[in-house]
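What follows is the residue order along each chain.
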Amino acid sequence: MSPASESRAWPAEGVTRVPYWVYQDEDIYAREQERIYRGATWNFLGLEAELPDPGDFKTTFVGEMPVVVSRDLQGALRCFENRCAHRGALLCLKGRGNTKEITCIYHNWTYDLEGNLTGVAFRRGVRGLGGMPADARPESEAPRKLRVATFCGLMFATLSEATPSIEQYIGPEVAAKIRRVMKEPVKLLGGYSQALPSNWKLYFENVKDTYHASLLHLFFSTFRLNRLEQKGGVIVGGDGGSHVSFTMMKTDLAGDEYERAGMRSVSGGYRLEAPQMLESVDEFGDGVTLQILTVFPGFVLQQIMNCLAVRQVLPKGVAGTELVWTAFGYVSDDERMTELRLKQSNLVGPAGYISLEDGAATGFVQRGVAGASARASVVEMGGRGVESNESRVTETSVRGLWQQYRRHMGL
Amino acid sequence: MDVELQLTVENLLSRYVHAIDDDRLQDWPGFFTEKGRYRITTAENYERGLPLSIIYADSRAMLHDRVSALRHANIYEAQRYRHIVSSTLVERIDAHSARATSNFQVVRIMHTGESMLFASGRYLDRIRMNGDGGEPQFEERVVILDSRSVDTLLAIPL
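From first to last, the protein sequence lines are chains A and B. For what it's worth, our numbering labels the leading residue of the first sequence as 1, then goes sequentially. For what it's worth, our numbering labels the leading residue of the second sequence as 1, then goes sequentially.
Treat the hints as calculated values from the structure; they're not laboratory data. Here a beta-carbon is modelled for each residue, glycine too, at the ideal position from N, C-alpha and C. Treat the hints with care, since some could be wrong.
[Unchecked claim] Okay, the calculated bits of chain A under chain B, using three or more residues with CB under 8 Å as the criterion:
1) 188-201
2) 237-249
3) 272-283
Let's have the full structure, built from the sequences with the hints guiding it.
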């Protein structure tokens, strides 16, 4: 660490204060790559359903490190660095595909789908001339292999041997809520990315922040999809970095707390001409209409009525984040159910009625704190701890994020 | 080439983008038939045969809802678009309808002065030539983005 960042001491208040340098400092960003993404964490890679057949592969990232995720010819999932042993070029240039082997385009070195180096072009030279020394060991710089774990059809990877089992890492209560949504084989509906103008942690906090949801997103509160007087709760799990928040729409007591407080988010007179989009089916049989779940450092699972998606949060420099959305239904869905999920997808994504603002709001923080690296945000809604809570007027899961973050970072 | 058909379609495409770029969003649903379909997707989803859209409407009423959400519900920084539409190929389906394929680019201009190439892609249109009031209207407009990535948010329609 440079001298400048050695002076980066966390405020004495602990997790109720988040210093703004944490979103701005290049040295902190570099340390996150090492201690978080390449450290003892499980990084979300995508859905197993994206790689149904032997030979299928996709490319993605663990932090900034490019990786290949493959289903090898025996059917096992593998993940390895997308970096040639020779000169470090990207091995795999395509986003996805199916292949028996991977060839680096630079000098034609070949790899199997486990990431083993299987061939070096002209290793013995040509006509007795050139080539590598007989005792050369180019595989000593082979792409690193990551441990892969799957949980309910979700793929995660870690470089560290010290990372606990995936279920232990997520924690039993949050794991149970993953099982709830990933209850049967899934069918991909499609995906897209959103380039966010903010540090990755601002987005991850935003997803965990149950307090903002019905205040920023008018769509939620006006149509009573999520108002804080509805029954729900927040569970914080794992080491603090996992959470699940949920809302039960039908428990609305028709309260008028928002109206009496004069909140902007319930300005009147707004009605849908085509409300069919919001006619949801209680497919889980528990009355929970909205469940948002995260696993540190970059996984989001979303159930908004019948709109299901996973989101992968990828850091792209100090002030940039790529949010990769993948929407899904179940293999058992009929045409009507698929159509309902597709219509409700209007609620999410870069043009989503209820998620459109998040892309902008996190950017407003990144811009707002530009001259205030020594100041801190105030995170005291719902107290100072990280315990689970029946109220969503709390920032407990945001504090949980910072608890786990600080442990990994030694801050 | 059916010159009159070509000009009629190009005129519709031009009026459509001027309405959006001039911030006359309330006029936008009127470019569609009552059961008109509008969706925005990515080339990747389209080529993989995956049905997910970024925006999906299967009626003019759903487009009205989009406009009222943008006007009354959603929060986003002041911004405008400038659409450039070109290379329109038109083919007649029958006496009442035509198919058109066009290229587009959209520049997004933020209130801060920042100006960027926000989107590029294709419009795949099915047009009813004698819609309401005898004017041509979209029965279907599929907007296919070349890129899989959208910067920050997509509020104003393309």
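So, going through the hints one by one against the coordinates:
no.: 1; hint: 188-201; in the structure: holds (count 10)
no.: 2; hint: 237-249; in the structure: violated (count 0)
no.: 3; hint: 272-283; in the structure: holds (count 4)
The structure does not agree with numbered hint 2 stated previously, though it agrees with all others.
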